[in-house]
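Here the protein sequences line up with chains Z and L, keeping their order.
According to the numbering used here, the first sequence is numbered sequentially starting from 120.
According to the numbering used here, the second sequence is numbered sequentially starting from 758.
The hints are simulated quantities; they were obtained by calculation from the structure and are not laboratory data.
Quantities reported herein were computed from a predicted structural model and do not represent experimental measurements.
No residue lacks a Cβ here, since even glycine has one placed at the ideal position from N, Cα and C.
Incorrect hints may have been included.
What the hints assert, rightly or not - Some but not every residue of chain Z turned toward chain L, in silico, with C-beta under 8 Å: (1) Thr146; (2) Asp152; (3) Pro154; (4) Gly176; (5) Pro178; (6) Pro179; (7) Gly188; (8) Met189; (9) Asn191; (10) Ile193; (11) Ser226; (12) Gly338; (13) Tyr390; (14) Val391; (15) Pro393.
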Amino acid sequence: MPDQVNLAVDLGRGLRLRSPVLVASGTFGYGFDAPQVDRGALGAIVTKGTTLRAREGNPPARIAETASGMLNAIGLQNPGVDEVAGVYAPVWRSWDLPVIVNVAGDSVEEYVAVVGRLEGVAGIAGIELNISCPNVALGMQFGVNARLAGELTRAVRSATTLPLMVKLTPNVTDIVAIASAVEEGGADCISAINTYVGMAFDVRRRRPVLDRGSGGLSGPAIKPLALQAVWQVASAVHIPVVGIGGITTPADALEFLLAGAVAVQLGTVNYVQPQAAREIHDGIAGYLRDHRVPDVRSVSIRPINVVSHV
Amino acid sequence: MSAVGLAQPTVVERSTPMAGAIELVLDHPQAARTATPGQFFQLAVSAPRTLLRRPYSLAWADPARGRIGFIFNVVGAGSAWLASRHEGHLMDVLGPLGRGFEIEASGRPAVCIAGGLGVAVFPALVQALRAAGRPVLFLQGARTASQLLPAARLDGADVLVSTDDGSAGLTGPVTRLLASAPLNDADFYVCGPTPMMSAVIDLAERREVPLARIQVALETPMGCGVGTCLGCAAPRRGGGYLLTCHDGPCVRADRIDWRRMEDAMHA
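Given only the sequences and the hints, what does the whole structure look like? Please build it.
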């Protein structure tokens, strides 16, 4: 067994990453902040959700800590796709770290327009389709309906040549139906899951803590729920699954790999322990070495149904 | 230092600077050299069920001894955990972060206005203002006399106090002290609960003090502290939001929409 282990993963359509550790949308901006996070440990950055026009986001309070978790209702505050394509992407071009742009919208037309604006722009490695934002008026309509999710994926698929990851919401009765629909619609890979809708109340002020009322729950509190969703999805689809949900330690990440994910995204932990990406990267490498597992994909405790990507 | 701004300094002193407050002193030479008044640190806590780091403004820095101080009160599980740290405990600290106060060297007076625990940001600022040659008038308000930071901690400032219960100084809110302050030609530095800061702004507007001459240290809920989570939005005058961690915490008062700020933090 060589000392070097293979941490590289292939998420489809040429999206080959040196590390299975990514940072999740909304927890890393556009890659320009949080210098505490070791870029060398990352396989890719997934950006903040990006819409056609700039959005101001929701009024405060936007976040609330809960037991081993946090609620957020940021409301897709972002500078709009023109800024991303025109100002950020030229900088990303010089990075040795792939940047995947998370794309959000209110309509098929908006998604297609955003993706169209990113087409052919150097410095963008892929698209993550956000069909699951719980914090804007129409954000989640696509993610909770298999037919709409499939149609949106198909429309976006035909509007871009970039690798396409679709991020699923867990706020559904049958996540497998949604996963299968986006696979059929042409997704190259799936990221699962986005936040769970939740609430917290301020008992002194007698009102919800978040101005918007509800928000998305993230952090260690949701990890068992996310693992079950990933297990279900990975069993059902034939494309790679990227696991997300409350990962804070190498063991957490390995649980997602066991459940069938080929890579993971770190979210809330980036706010708390900026060194987590490095620790998790090294922890996965150590596990592969110690258990004589040849590569990340082989960690799964059952065969992954992926057909081609090796 | 394992990465930019991350450190594991040791607690070298714990004390009670005034009733209801805790002061922790950390041995952190690098931060003591680089942190400026008004900047903040994200302190990790390990209390059961908590998750996020807790943001605290630098209270003071002593570069010669390599020490920094924080003054805070217990408001929940995180601050209770921090308050139970003692000499010898290792901390997990990220910072200094954010923008501190702008301090111009001149002979013009500086008026500091502190409400409640907002006073925690001022020892470092008063020292820097004095070093810049500014005469400092310090207006401090608290609920009661025992909760006032002793004037000795604000060395070189002329300190006036007010208390809600009249146990020291003027009876009433700290804004009442402003009536006797020289407003012309002064720069103002304000930190306290949002309603108190908003009241200061109201008064300043009525007295035709340009808001650009007032700097405030914002306090909002905060997540990451480094500009990525977008959780610490503060309503910006003219629309949209500033981020407390990235654009602040110290900003000029004319950048904030105070009506929306009060709605958000106080409704």
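Structure-based check of each hint:
{"no.": "1", "hint": "Thr146", "in the structure": "holds, 6 Å"}
{"no.": "2", "hint": "Asp152", "in the structure": "holds, 4 Å"}
{"no.": "3", "hint": "Pro154", "in the structure": "holds, 4 Å"}
{"no.": "4", "hint": "Gly176", "in the structure": "holds, 6 Å"}
{"no.": "5", "hint": "Pro178", "in the structure": "holds, 6 Å"}
{"no.": "6", "hint": "Pro179", "in the structure": "holds, 4 Å"}
{"no.": "7", "hint": "Gly188", "in the structure": "holds, 6 Å"}
{"no.": "8", "hint": "Met189", "in the structure": "holds, 6 Å"}
{"no.": "9", "hint": "Asn191", "in the structure": "holds, 6 Å"}
{"no.": "10", "hint": "Ile193", "in the structure": "holds, 5 Å"}
{"no.": "11", "hint": "Ser226", "in the structure": "violated, 23 Å"}
{"no.": "12", "hint": "Gly338", "in the structure": "holds, 5 Å"}
{"no.": "13", "hint": "Tyr390", "in the structure": "holds, 4 Å"}
{"no.": "14", "hint": "Val391", "in the structure": "holds, 6 Å"}
{"no.": "15", "hint": "Pro393", "in the structure": "holds, 6 Å"}
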